[in-house]
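S.K.: Residue numbers (this note's numbering), protein chains in the order written: chain A, 1 to 309; chain B, 1 to 309; chain C, 1 to 309; chain D, 1 to 309.
Do not rely on the hints blindly, as some may be mistaken.
Intra- or inter-copy, both count: the list cannot distinguish identical chains.
Pairs of lysine-lysine, DSS-like flavour, derived with a Cα cap of 27 Å [unchecked claim]: (1) Lys249 / Lys260; (2) Lys47 / Lys166; (3) Lys97 / Lys260; (4) Lys47 / Lys152; (5) Lys166 / Lys260; (6) Lys166 / Lys97; (7) Lys47 / Lys260.
If you're looking for bench data, these hints aren't it; they were derived computationally from the structure.
Single-letter residue listing:
There are 4 protein chains.
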Amino acid sequence: MSEREGLAATEEHTIGWLGTGRMGSAIVHRLLNAGRPVTVWNRTSAKTGPLAARGAQVADSIAGLAGCDVVYVMVSGPADLEQVVLGEGGLLAADAKPAILVDCSTVSEEASAGIRAAATAAEVAFLAAPVCGNPEVIADGQSSFIVSGPVKVFEQVRPDMEAVAKTVVHVGEQEQARLVKLAHNLYLGMMVQSLVEVVTLAEKAGTSREAFLEFFNGSALTSPWIQRRSPELAAGDLHLTFTNELLRKDFDLGLAAARKLEVPMPATSIVSQLVQSAIGNGLRDEDFLSLYELQARSAGLSGVQSARL
Amino acid sequence: MSEREGLAATEEHTIGWLGTGRMGSAIVHRLLNAGRPVTVWNRTSAKTGPLAARGAQVADSIAGLAGCDVVYVMVSGPADLEQVVLGEGGLLAADAKPAILVDCSTVSEEASAGIRAAATAAEVAFLAAPVCGNPEVIADGQSSFIVSGPVKVFEQVRPDMEAVAKTVVHVGEQEQARLVKLAHNLYLGMMVQSLVEVVTLAEKAGTSREAFLEFFNGSALTSPWIQRRSPELAAGDLHLTFTNELLRKDFDLGLAAARKLEVPMPATSIVSQLVQSAIGNGLRDEDFLSLYELQARSAGLSGVQSARL
Amino acid sequence: MSEREGLAATEEHTIGWLGTGRMGSAIVHRLLNAGRPVTVWNRTSAKTGPLAARGAQVADSIAGLAGCDVVYVMVSGPADLEQVVLGEGGLLAADAKPAILVDCSTVSEEASAGIRAAATAAEVAFLAAPVCGNPEVIADGQSSFIVSGPVKVFEQVRPDMEAVAKTVVHVGEQEQARLVKLAHNLYLGMMVQSLVEVVTLAEKAGTSREAFLEFFNGSALTSPWIQRRSPELAAGDLHLTFTNELLRKDFDLGLAAARKLEVPMPATSIVSQLVQSAIGNGLRDEDFLSLYELQARSAGLSGVQSARL
Amino acid sequence: MSEREGLAATEEHTIGWLGTGRMGSAIVHRLLNAGRPVTVWNRTSAKTGPLAARGAQVADSIAGLAGCDVVYVMVSGPADLEQVVLGEGGLLAADAKPAILVDCSTVSEEASAGIRAAATAAEVAFLAAPVCGNPEVIADGQSSFIVSGPVKVFEQVRPDMEAVAKTVVHVGEQEQARLVKLAHNLYLGMMVQSLVEVVTLAEKAGTSREAFLEFFNGSALTSPWIQRRSPELAAGDLHLTFTNELLRKDFDLGLAAARKLEVPMPATSIVSQLVQSAIGNGLRDEDFLSLYELQARSAGLSGVQSARL
């Protein structure tokens, strides 16, 4: 067999989890709740304590995960990913190797392709599988896995993912999962700008943000995200979830991908420039819902009365 | 008492309904289901038959509604509205007049203000109350009433509306309901453009529209509207619900209102130009989801394989 | 002869000029310099003094112009235009009527078409002929006449116009001259926004506005307008020539015309929204070169150090 | 003296010129016409023939230029630049070195900074000096030099440049000249889009492109570039000068620089997306004046009747 295709389909597999920060821990909790055996490792070992108390095995080193059939990795960026997979003492350096490596970190297509090539060379099947959702969303079972890689391999780990998340989708054979996550974030920025334009319009006509949002959230246009954050916007008291500077980074990556693929993005592009204007107007470190603030000021409104702004 | 404020709060009121097209009939059905007594009138009297069969009284003339405590009007535009309210044989021409007139038609702020002034002069309280939803949505109890006018009057009819719709919101004391409905439609256009940009991006990267939408519809960003229309977009088989030309009209009205209120609308504005480009590129009479078609062609994709396009 | 076509081609015609404000006076001066006989009338008669001193005849009333072969009108807007042409004691009310009426005011297509219809009914040939240039530009012979109406009539008055202006162009048989003037002003707004984006970019990279403009003004991209205003922009000392509010009015009219003609205007549209943002950010009554100020602030620069701003 | 500052001010310097393609040859011709002694070298030595015939010395190798006081380089991109300056047998590899190195190629800031660092380490003063203009413009003495680097060094070579070009501007001490050239090209793209929007608007109203451009070119808004290309646009017969794909490259570089400097570019950004749409709509290899074609089609016009399109 010239190509590694993961596990035999009927095999009951063992799971390793590398990286138990807030996101990783939330996912492992759901795996344990579903009765899956999980072995965990984390650079800062203290973070594995609560998981051990719930029944997880704790490995002493990354090599201690290598014997698992499937190893999931969730670290904070491409440098960490490369180190724990390719570096000295990393997953692919051990004699024993997992059959399948699943990366749940948020990294670029290029970094993802590099890890895939190395895994493939080591006869380890590789899936890119970024997650949408924050720890609370994961705990509620409302998160999503976006997966790309060989579809046969995907089918083998899909039951694990379905034990964790509401939505598990295979979006391609290569690195498409990375792009799909960026597309999600581009839409998020556009959704917020679209919302703040119509909120401001209604507000200046004399409709309170609260009344407008009550109407909007009862319509077929609203989204769970908007529903969740409407009380903050109505009250003018924005909590920090994701800064304008971080949103700009996703727009940079998403627009670069669009450029490479030769896809024009007219609305995305103008929202990107508005995020930049927000930064130039002093809102760099504010939550990106402060696009409302930029819009309100440009409409001659006073903006929100928040201590932060 | 110098100001007409509708009904005494405890009064059990009678309801007249003027205009029983598809939308009006759907609403009256729900009122009847809720056990409210309703007298109806329609220019084409045949349309009242199914309602009579369900227990509605049918008036012979508009004057036959004037004795009702509350009369709702739902006609197709400002000219019809003016005729049935202000014209010869119209509601305000009768000796008996309702205490409250509620207009559920979609008309401009200016037309609404004109009717309000005439009603007020005739000591009839007036509410502007456009409805969001199509007949199916209304039948399912998922529609919304957006209401503006005196809040005391609103409180008197609110129970009627709550028997019909999921969401009933008071958005101001004057004509704000008209603007809020336009704001809804501006957001709708922006939502669709935002969606087709990210769908096209994912598609060109090798992710099928179906897979992308499956992911998207599991995320916190999706909306009931997108969920409902995703199968069509995935299949590339768009059904006609609302043409680009009609969407352009709402953008014209919405941007004119924004201009009058001095609210910049950068994202709205660029979407408006894209709708115009769609029209110039031959998509005038297509469903406005054909913004996908314009975007796909501009991305060098073949667009959807629909017989219509 | 069923159609009035102005003058016999060989006729040496007499000229009447109605409206000797700053623009009108500047044009009449040039006509007088060219040796043309001109009779003038102005509502505020004092303004005709300097022209009388240069040799113009001064009429006591509008009727005193009606005997001229060609009467030019240059008043401040459509209401004045209608009054002096159609009103009591107006040009078309006199028994004697000019063969040709040329309106040099800035009015809408609709107002222009109304005057044309009335003139045609009175067997007076009509030309729309707005002028580009301010009084200084006119005095220097650098202005432009944009003319629309019957081409035979145009040919008869073209020598007058060529005595005044550098450029005299016939742009159509109906009201096209009005649109062409608007198109000029739309381009002006876009040119300024384009300029301030690149100026700000260079400035933030460490190139002074002065150095950038010196380069730019030596390139094939610059325009006489930019060359004239560069010293102000370099010095950050903007003089008031045309406010953002007035520019917005031209954008309103131009975009409305584009909408009616179904021409998408993506760049125009975004500049229009930026002008609105400038107004919302407190620059309503500033010269529209203050688009620089909006851009500079959004780029995190301090903007110009002007007492006005 | 710790810092190399070029030549003693009074010195009459010798000039080397590396790279005699069409642009380089046009510049050397002007230097020779001005009586300057120039030694040239070109990879394809045949191209130096016409210059030798006019009196230039021809070096056998790059090392043959190293003895000149000032060496100008004009090659086709960063790879060539690095090779002829830093590579084996390159300018900085020779024992003798010029006092001043002036790079007239079009390269990125990063490449420019790398060459500057190497030159400085070798005690050779360095100027970045891209040229605006094509060979015809250069021959007519209408080109521009945009120069950045130490101002004292600039003053030493300024007389050479003034013998060649109409405009010679010092825009900063580091790599600013590279950005200023990009800013020029961004403005060029915006100017063309602005023009085609108003041309199309007038055209759809019934004013021919020819008449509109005649008017426009007589106004204070036109530019030499527009004047030069108006006959082509009027005739609908566009010659290839610079493709949409090449313009897109400059927009990519310019917007990346703006992003790095945190300057929002709303109008630039939308034009960038329109260039991408033009490419997606089949205009990749057309002259970028074909932005007219995209705009005309989107306005429901037939576009230009050119065999190319």
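S.K.: Confirm or reject each hint.
M.R.: Now for the hints, and whether the structure bears them out:
1. Lys249 / Lys260: Both: 17 Å inside a chain and 11 Å across chains, each within 27 Å.
2. Lys47 / Lys166: Within one copy only: 26 Å inside, 46 Å across.
3. Lys97 / Lys260: Neither: 35 Å inside a copy, 42 Å across copies.
4. Lys47 / Lys152: neither (33 Å within a copy, 58 Å between copies)
5. Lys166 / Lys260: neither (32 Å within a copy, 39 Å between copies)
6. Lys166 / Lys97: Classified as neither; 30 Å inside a copy, 56 Å across copies.
7. Lys47 / Lys260: So Lys47 and Lys260 fail the 27 Å test inside a copy (39 Å) and across (37 Å) alike.
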